[in-house]
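Asker: So you can see what is in the structure, the chains are spelled out below.
2 protein chains.
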Amino acid sequence: MAKTAITPTRNQDFAEWYQQVIIAADLAENSPVRGCMVIKPYGYAIWENIQRIFDAKIKKLGVENAYFPLLIPLEFLSKEAEHIDGFAKECAVITHHRLKKGPDGKLVPDGELQSPYIIRPTSEAIIGNVISKWINTYRDLPLKLNQWCNVMRWEMRPRMFLRTSEFLWQEGHTVFETESEAREDALKMLNTYYDFMTQELALPAIKGEKTPEERFPGAKNTYTLETMTQDGKALQAGTSHYLGQSFSNAFNIKFLGRDNAQHTAYTTSWGISTRLIGGIIMTHADDDGLVLPPAIAPHQVVIIPLIHDASTANQINAYCADVQQALENLDIRTHIDATENSAPNKIWKWIKKGAPIRLEIGLKEVSESKLTLGRRDKPKPEKTFLTLKQLNEIPIILKQIEDTLRQRSIVTRDCCIQAVNSINHLDELFNRDFKGWAVMNKDLTDTPVFAEIAQKYSLSRRCIPQEGYPQNSVFIAKSY
Amino acid sequence: MAKTAITPTRNQDFAEWYQQVIIAADLAENSPVRGCMVIKPYGYAIWENIQRIFDAKIKKLGVENAYFPLLIPLEFLSKEAEHIDGFAKECAVITHHRLKKGPDGKLVPDGELQSPYIIRPTSEAIIGNVISKWINTYRDLPLKLNQWCNVMRWEMRPRMFLRTSEFLWQEGHTVFETESEAREDALKMLNTYYDFMTQELALPAIKGEKTPEERFPGAKNTYTLETMTQDGKALQAGTSHYLGQSFSNAFNIKFLGRDNAQHTAYTTSWGISTRLIGGIIMTHADDDGLVLPPAIAPHQVVIIPLIHDASTANQINAYCADVQQALENLDIRTHIDATENSAPNKIWKWIKKGAPIRLEIGLKEVSESKLTLGRRDKPKPEKTFLTLKQLNEIPIILKQIEDTLRQRSIVTRDCCIQAVNSINHLDELFNRDFKGWAVMNKDLTDTPVFAEIAQKYSLSRRCIPQEGYPQNSVFIAKSY
Chain B
1 MAKTAITPTR NQDFAEWYQQ VIIAADLAEN SPVRGCMVIK PYGYAIWENI
51 QRIFDAKIKK LGVENAYFPL LIPLEFLSKE AEHIDGFAKE CAVITHHRLK
101 KGPDGKLVPD GELQSPYIIR PTSEAIIGNV ISKWINTYRD LPLKLNQWCN
151 VMRWEMRPRM FLRTSEFLWQ EGHTVFETES EAREDALKML NTYYDFMTQE
201 LALPAIKGEK TPEERFPGAK NTYTLETMTQ DGKALQAGTS HYLGQSFSNA
251 FNIKFLGRDN AQHTAYTTSW GISTRLIGGI IMTHADDDGL VLPPAIAPHQ
301 VVIIPLIHDA STANQINAYC ADVQQALENL DIRTHIDATE NSAPNKIWKW
351 IKKGAPIRLE IGLKEVSESK LTLGRRDKPK PEKTFLTLKQ LNEIPIILKQ
401 IEDTLRQRSI VTRDCCIQAV NSINHLDELF NRDFKGWAVM NKDLTDTPVF
451 AEIAQKYSLS RRCIPQEGYP QNSVFIAKSY
Chain H
1001 MAKTAITPTR NQDFAEWYQQ VIIAADLAEN SPVRGCMVIK PYGYAIWENI
1051 QRIFDAKIKK LGVENAYFPL LIPLEFLSKE AEHIDGFAKE CAVITHHRLK
1101 KGPDGKLVPD GELQSPYIIR PTSEAIIGNV ISKWINTYRD LPLKLNQWCN
1151 VMRWEMRPRM FLRTSEFLWQ EGHTVFETES EAREDALKML NTYYDFMTQE
1201 LALPAIKGEK TPEERFPGAK NTYTLETMTQ DGKALQAGTS HYLGQSFSNA
1251 FNIKFLGRDN AQHTAYTTSW GISTRLIGGI IMTHADDDGL VLPPAIAPHQ
1301 VVIIPLIHDA STANQINAYC ADVQQALENL DIRTHIDATE NSAPNKIWKW
1351 IKKGAPIRLE IGLKEVSESK LTLGRRDKPK PEKTFLTLKQ LNEIPIILKQ
1401 IEDTLRQRSI VTRDCCIQAV NSINHLDELF NRDFKGWAVM NKDLTDTPVF
1451 AEIAQKYSLS RRCIPQEGYP QNSVFIAKSY
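From first to last, the protein sequence lines stand for chains B and H. So the first sequence is numbered by the working numbering: it starts at 1 and just counts up by one. So the second sequence is numbered by the working numbering: it starts at 1001 and just counts up by one.
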């Protein structure tokens, strides 16, 4: 068996493999704050690319960024009954606004607040309260806001990127005159996420609607993108909620309509988070480490100078710099690894960090005006030789890599979706330790016997797919 | 007296004028969360421009962005004695991690934490703890990190942008092998801020060093950019701290040196925040509202269609779209105000919102292939007529506007700096309600009699200027 960079492999221990990929790529680490992670520079650069690409998409749709307070007064959260029930068990609560030295000299909380605040787990409540004052007539609608921020949901079983007490996300909040506009917008955002995930992120996402027990607290409909991880589980990668008038009623979001009468508005909300990075790892990474879709790779091309002899260093470095410049002129994010490591160590490093393309440049390449190219989507020994003139092909190769990742992940997904016809069939399937999703008629799952089987195997209803499957189907899977 | 858009004027009531400028430009508003503001889309777009420009500058300097937890364990904060003394009185304290229904049905905190957390007022403590594990040898240095995030310092007397309990900022944290490298870097960041403030933001910033009582808690030296507001006060617009080994000692940031012995590292930190937007308002805005430096204006050019007759609307709108396209090809952020408001209302709106250039386009402009141009740095009636070919001059005019703002603010500043030779002189000056800064020999201010006068007039030592004033001078002023 070939030596791999990550121990254990995916087959040996998927959960531990996931942690090790993150460590080997230097993306993040657990922090001394319970359930919170530190996002290291290479991991954060991926998030910056996600932000940049998605921010441009929503701005094109007329969404404006804003910023609302981190803290939410407790009484706001209570105004929407389902909402508070959904989040009460995972709220960080601020009760004091200063510290003092206690009798033993240790610091203790001081300045108790009359009414506590919670750190936003999501911002429907504070935004609902604030924007109700911004909206007077139908001329103020639609209102389409978004914020990029941190949120906190106290997490007892954290897992880096996938489930952390604090995470970074965007949360869009829109307000409309009519139900149909709001419903349409919730679906439009679902499609915007779908395009982003399936194109730039090459994720095998499936669009669907959540069943009631999986809805966002307070939502009328929750639409979701579910993506399959390589161990056959489901990962909720983004959601878009049609909130109806729940929050408008709770926060008095009313407007003078075209008919000169008062109306209650219809709202939506939608979000994606740093969890997406977890999804990218679990979908594309392999036993040699991270594999990044080119659109979000911090460096799309990494140049590795192969310097065996100090006397040729200048010549090789100059050639590397020329290649970097040529690639940057093509808008390709290019990095030269000028560290002191050995060439094989550098090559392994960038394999583990998932750089889509490595260019190895030594004296041979310089003298022949060539490049030795390694692709992260191909086995490591496989290399291609390009001439300098062929640098123009690099954008095409990056596109090919994206296509490979997308197609590969779709094949993996579709191989692991199994139609089942009965609860017995479902039981048998997961009794055999099936690693994948079952798809079945939803009516069969609206039953106590389904609930029993679901509990037995830790399954849940992931979504009712929007297309590609029989009407009224539902996916059943283990999930992250 | 000419009618002005903002009531009261700067002379009538500067503090109230400031609030009204923010409201008239729709930048922000106070929120229902004590001391916190909502940054509205137009205000946030200014912050996005500040982030984009400054982020590019620090990335060029080799600084990498990362993200560290929002919460800081109480015991971390206590490790640096001055640091905790400086922030203990303004900490938001998290004591519980969930909510439950109390006996009266109301929600109350539940799940008390063994040890409380505070929301970061700044991140030296958490970053110091984490990066101490990243640094093993001198090869791991220098380490240059930055994060864009929210921080919280509980504020009893909030003022939008200038002083709010929560604010947005960047905090840079760097670690070096030697004192001289760290000192050099602290000054390099001071200069980077200076260039940004005096160039793109056209602020009349002065570089200097803080006297001990104004230093960042835990710093050896705090360097500052002080800028003068139009009411003659000082505003600290950014700081860069040489932290020596204070935090390295507290958090055990050690490395194996080139001499194969263990050494303690030297650190710096530096930050600018949404406060800068307050500084921009207080420096450049006038009695008609906001005046934005072009580099950070959400829209550098606003096109106002003058449509008096529906039959010519298409013709005028098409011409406006052509002009917008031509300007965007020149990389100028251009907005067409297609709202239903009347033309005079639109013109006033964009004056109040501080758009650097307004282009009014009606039938006359279309038929003559011309543009009517209004500059925000000139009195409102003053207009210039450009031909379509002269669109290429718009970038030059934007540069001229920036220059005007810069020069005007420097003149205002320099007129309001008064040299004084004695404490008596200082007393007399502020007794006459002087609106400006005094500059005097620092030795005169290291005295109890200075402390008395300072208290009498709410003055403080703002900084020891780096250049342009006699050695050992210090500025004395009221401040925001």
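Keep in mind that a hint or two might mislead.
[To be verified] Once the Cα atoms are required to be at most 35 angstroms apart in a straight line, the calculated DSBU-like pairs of lysine-lysine come out as:
no.	chain 1	residue 1	chain 2	residue 2
1	B	K389	H	K1059
2	B	K60	B	K133
3	H	K1059	B	K399
4	B	K79	H	K1106
5	B	K233	B	K254
6	H	K1233	B	K59
7	B	K57	H	K1399
8	H	K1254	B	K352
9	B	K106	H	K1378
10	B	K399	B	K389
11	B	K233	B	K389
12	B	K59	H	K1133
13	H	K1220	B	K101
14	B	K352	H	K1378
15	B	K100	H	K1089
16	B	K100	H	K1233
17	H	K1133	H	K1089
18	H	K1106	B	K59
19	B	K106	B	K144
20	B	K100	H	K1059
21	B	K59	H	K1060
22	B	K364	H	K1370
23	B	K383	B	K3
24	H	K1188	H	K1144
25	B	K60	H	K1133
26	B	K57	B	K233
27	B	K57	H	K1059
28	H	K1100	B	K456
29	H	K1220	B	K57
30	B	K89	H	K1059
[As the list claims (entries may be wrong)] Restraint-style ranges between C-beta atoms, simulated for each label pair:
no.	chain 1	residue 1	chain 2	residue 2	range
31	H	G1111	B	L61	33 to 41 angstroms
32	H	R1139	B	T387	34 to 42 angstroms
33	B	N424	H	E1112	46 to 54 angstroms
34	B	I53	H	P1379	52 to 60 angstroms
The set of hints was computed from the structure by calculation and includes no laboratory data. By construction, the Cβ of each residue, glycine as well, lies at the ideal position given by its N, Cα and C atoms.
Asker: Sort out whether K389 (chain B) lies within 35 angstroms of K233 (chain B), counting only the CA atoms.
Answerer: violated (44 angstroms)
Asker: So if I understand the rule, the pair passes when the alpha-carbon distance is 35 angstroms or less; does K389 (chain B) with K1059 (chain H) pass?
Answerer: Within the cut-off at roughly 30 angstroms; holds.
Asker: Please work out if K100 (chain B) and K1059 (chain H) have their alpha carbons no farther apart than 35 angstroms.
Answerer: violated (39 angstroms)
Asker: Starting from K1106 (chain H), check that the Cα of K59 (chain B) is at most 35 angstroms away, please.
Answerer: violated (40 angstroms)
Asker: With the threshold set at 35 angstroms, check whether the alpha-carbon distance from K1059 (chain H) to K399 (chain B) stays at or below it.
Answerer: holds (27 angstroms)
Asker: Mind checking the alpha carbons of K60 (chain B) and K133 (chain B) for me, to see if they're no more than 35 angstroms apart?
Answerer: With a Cα-Cα distance of about 26 angstroms, the restraint between K60 (chain B) and K133 (chain B) holds, given a limit of 35 angstroms.
Asker: Can you confirm whether the C-alpha distance between K89 (chain B) and K1059 (chain H) stays at or below 35 angstroms?
Answerer: This hinted pair is violated, its Cα atoms lying about 40 angstroms apart.
Asker: Could you tell me whether the CB distance from N424 (chain B) to E1112 (chain H) stays inside 46 to 54 angstroms?
Answerer: Hint holds: Cβ distance 47 angstroms, inside 46 to 54 angstroms.
Asker: Tell me if the straight-line CA distance from K100 (chain B) to K1089 (chain H) falls inside 35 angstroms.
Answerer: Holds, because 8 angstroms separates the two Cα atoms, which is no more than 35 angstroms.
Asker: Quick one, are K383 (chain B) and K3 (chain B) close enough, alpha carbons at most 35 angstroms?
Answerer: Satisfied, since the Cα-Cα distance of roughly 18 angstroms is no more than 35 angstroms.
Asker: Within 35 angstroms, alpha carbon to alpha carbon, are K1220 (chain H) and K101 (chain B)?
Answerer: Roughly 25 angstroms separates the two Cα atoms, so the pair holds.
Asker: Against the 35 angstroms threshold, does the CA-CA distance of K79 (chain B) and K1106 (chain H) hold or violate the hint?
Answerer: Within the cut-off at roughly 11 angstroms; holds.
Comparing the model with each numbered hint stated earlier shows that hints 5, 6, 9, 11, 12, 14, 18, 19, 20, 22, 25, 29, 30, 34 do not hold.
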